[in-house]
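So you can see what is in the structure, the chains are spelled out below.
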Amino acid sequence: MKLSFSAADERFREEVASWLKDNLCGEFEPVRGRGGPGDEHMFVEERKAWERRLYQGGWTCIGWPEAYGGRGASIEQQVIFNEEYARAGGPGRIGHIGETLTGPTLIAFGTEEQKQRFLPGILEGREFWCQGYSEPSAGSDLANVKTKARFDEAAGGWRISGQKVWTSLAHESDYCFVIARTDPASVGHKGLGFFLVAMDQPGVEVRPIEQLTGTSEFNEVFFDEALCAAEDIVGAPGDGWKVAMGLLGFERGVSTLGQQMLFQNELNEIVRVARENGAARNPVLRQRIAEAHIGLRIMRFNSMRMLSGADGSLQKEAMIYKLYWSSWHRNLGKLAMDVLGAESEILEAAPYQLSRLQSMYLFTRSDTIYGGTNQIQRNIIAERALGMPREPRG
Amino acid sequence: MEFRFTEEQEMIRDTAASFLAEVSTSEAVRAAMATEPGYDPALWQRVCSEMFWQAIHIPEEFGGMGLGYVELVAMLEQMGRRLFCSPFYATVCLGVNALLVAGSEEQQAQYLPRIVEGTTATLAWAGAAGYRGAASVELQCEAEGDGYLLDGRCRYVPDGHSAELLVVAARAPGSAGDQGISLLVMPADTTGIERRWLPTMDQTRKQAEVVFDRVRVPASALLGPAGEGGAALNRILDLATVAIAADQVGGAQQSLDITVEYLKERVQFGRVIASYQAVKHKCADMMLKAEAARSALYYAACIADEALHGSALGEELPEAASIAKAYCSEAYFFNAGNGIQLHGGVGFTAEYDIQLYFKRARSTEVFLGDSAWHRERIAGQLLDGEAVA
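Chains as they are written, first to last, in numbering that gives the first Met the number 0: chain A, 0 to 393; chain B, 0 to 388.
Don't read these hints as lab results, they were simulated from the structure. All of these numbers come straight from a predicted model, not from anything done at the bench. Please note that the accuracy of each hint is not assured.
[What the hints assert, rightly or not] One-sided excerpt, in silico: chain B residues whose CB lies under 7 Å from chain A:
#1 1
#2 3
#3 69
#4 279
#5 298
#6 374
#7 378
#8 381
Ideal Cβ positions, reconstructed from N, Cα and C, are used throughout, including at glycine.
Required output: the full structure, derived from the provided sequences and hints.
So this is what it looks like as structure tokens:
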């Protein structure tokens, strides 16, 4: 075991930090620290411009192979980039779905033609993506998607019809990857296709969902005979589940340490408030603040284990990650309010302008739901890591 | 960054696991814990001569294996899994660490080779008020003639009734906190020392009270400068804290494993009870605790290594040790406590081993400071004094 980074990696860290210092300023000053969870709908145009600035510096898609315009960066370098990015107050990456989900999926499962058509737009910060997975009746039970894809000989492509939900940034996206049923008689994970669908067309309608935060990062997306070209299906009709599951594997990993840097900023803010308003002298709150600090440090150690590769073939430390961070973050939200005390109720402005900590508190209630609820996570852990039998299905 | 075991470290872990599976069976543990010394002397001899575990992190120049804290922790985790009853922890994690941290080269050359040969040791420091780092020292120490006079008592001394060599922490009259502390080493049969075994709720880890009735020791017994041993003692205790957290991680893992094994056999309402969601979700939470505890432990082990080699990262030791101990204590208790619940009625019997883990979870939780004490140590660093950043 070795904790320190190599000298080459440390030089890479300096390079990242100095580029960010020289570029995350001037016109980009207002977006510093913005656009994170609960704030994704803010400064959209500025953040799209920021993606293009990142591209000019060679800092988009650094983990992609060089053949597709990436740097082929090592895991360590990707970790370092994410850490320094968060440390510098880099804004929420509006291109992250394309960079971390669409791109790796196409690189793994796409045709050469698909790669040539779609990867440059993601790399250069020109085209933005959203994810069309969840539906009203397919949340945790993702295989229950009802959206249909029918091949239209006359139009020479697939006609997509159905409703997606919880689609973040749909109204700001150029494309959506959609899983839809190619075989209308199929059920479960069979008979699905994975489609690359343009958002700017008559058959696509986006309706924002107003959340309990008063903001609308998430949307409903209605597809009514929307057209998807014949060559824009990834894999064969019927392979959709395999492609979608491969994609879920890309969601974890290197971004975790950057996410933790954002958590650290929140915890620092709570500590600052506690020292200022006297909560730091309350023995119960002292215990809870220390517990939050301990929990975040362990989250980091756990990621370090995860990123250093399996020390058993199962990578149990990777399987607990979502359940661990979402529970920790939800507790942090409650702690923030308890530290603020009576002041925690007072908004920054009418009608419903939340402070950063208030927004975090409310938003953390979604952390334990999206991307697989805590209950689903526990099922997965028990069944796959502990080998406990599935419950009989009704 | 390479935050995982090397092949050699995996080999050490696996060798320990298979040896302990053979010698530290449920029957062997129950036989050993029923005795006053609390271990089988023949087995300890075998550990010392065949496995050479007592020498693991003693430098090669003193006849040891010269390995690091990560290797030590990998082994301790396996001992925790098997509730291994032996003088290993007291000798290696208290005695050897004390000599490594506070002893002069001459003193190390005098005592470490004896430990390599199988001599047992321990550290006596806490008074009746319990564990509060160096502040818990109550035993009094005064210069007398060309030596020192020790008077008072130490309590909760691991294997204090059976260890052959004692490292003792004592304080100058009128001193408090980390101030005025001296560390001394002496044979346990030094005139005036009276040792009394204290029967314990967890019978797998033995404790004793050690009474010093105006005990005279020569000046050569002193480890480090007189009255200035507070920082060294705290460092020894932090190293010992990382080591006991390893025992806890092993215990937390085994509590989960034996529980899941039972759940997969027990049938109710026509199904194995491992298939019920209420049961599975509790087990998933137990696995989360065990894995997070393991991550905290391995980080602390790396930091302990750095601390023993005097590198800058070693300055993190107090924090890393407190993080590990605060979390691992609760993880072990959570897993063993839920283990009893999930076993149902048989979990409450003496026959099933889960009760032994539950008791060891508690004894290791309080040992060297409970979770609340370690959290307060972290809170002080975050919330008191100058603001950082």
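Quiz item: Against chain A, is residue 3(B) within 7 Å by beta-carbon distance?
Solution: With a minimum Cβ separation of about 4 Å from chain A (threshold 7 Å), the hint on residue 3(B) holds.
Exercise. Report holds or violated for the interface hint on residue 298(B), using the least CB-CB distance to chain A and a cut-off of 7 Å.
Key: Where the cut-off is 7 Å and the nearest Cβ of chain A is about 4 Å from residue 298(B), the hint holds.
Exercise. Please verify that hint: residue 69(B), Cβ, nearest Cβ of chain A, below 7 Å or not.
Key: holds (5 Å)
Quiz item: Can we keep the residue 378(B) interface hint, with Cβ of chain A closer than 7 Å?
Solution: holds (4 Å)
Exercise. Using 7 Å as the Cβ threshold, decide whether residue 381(B) counts as touching chain A.
Key: With a closest approach of 6 Å, the residue 381(B) hint holds.
Practice problem: Go through the hint on residue 279(B) and say holds or violated, using the shortest Cβ distance to chain A against 7 Å. | Solution: The hint holds - residue 279(B) has a Cβ within 7 Å of chain A, the shortest such distance being about 4 Å.
Quiz prompt | Restraint check, 7 Å cut-off on beta carbons, for residue 374(B) near chain A | solution = At 4 Å from the nearest chain A Cβ, residue 374(B) passes the 7 Å test, so the hint holds.
Quiz item: Does residue 1(B) meet its interface restraint, that is, does its C-beta lie within less than 7 Å of any C-beta in chain A?
Solution: This interface hint holds because 4 Å falls under the 7 Å limit.
This entry satisfies every hint, going by the numbered hints stated previously.
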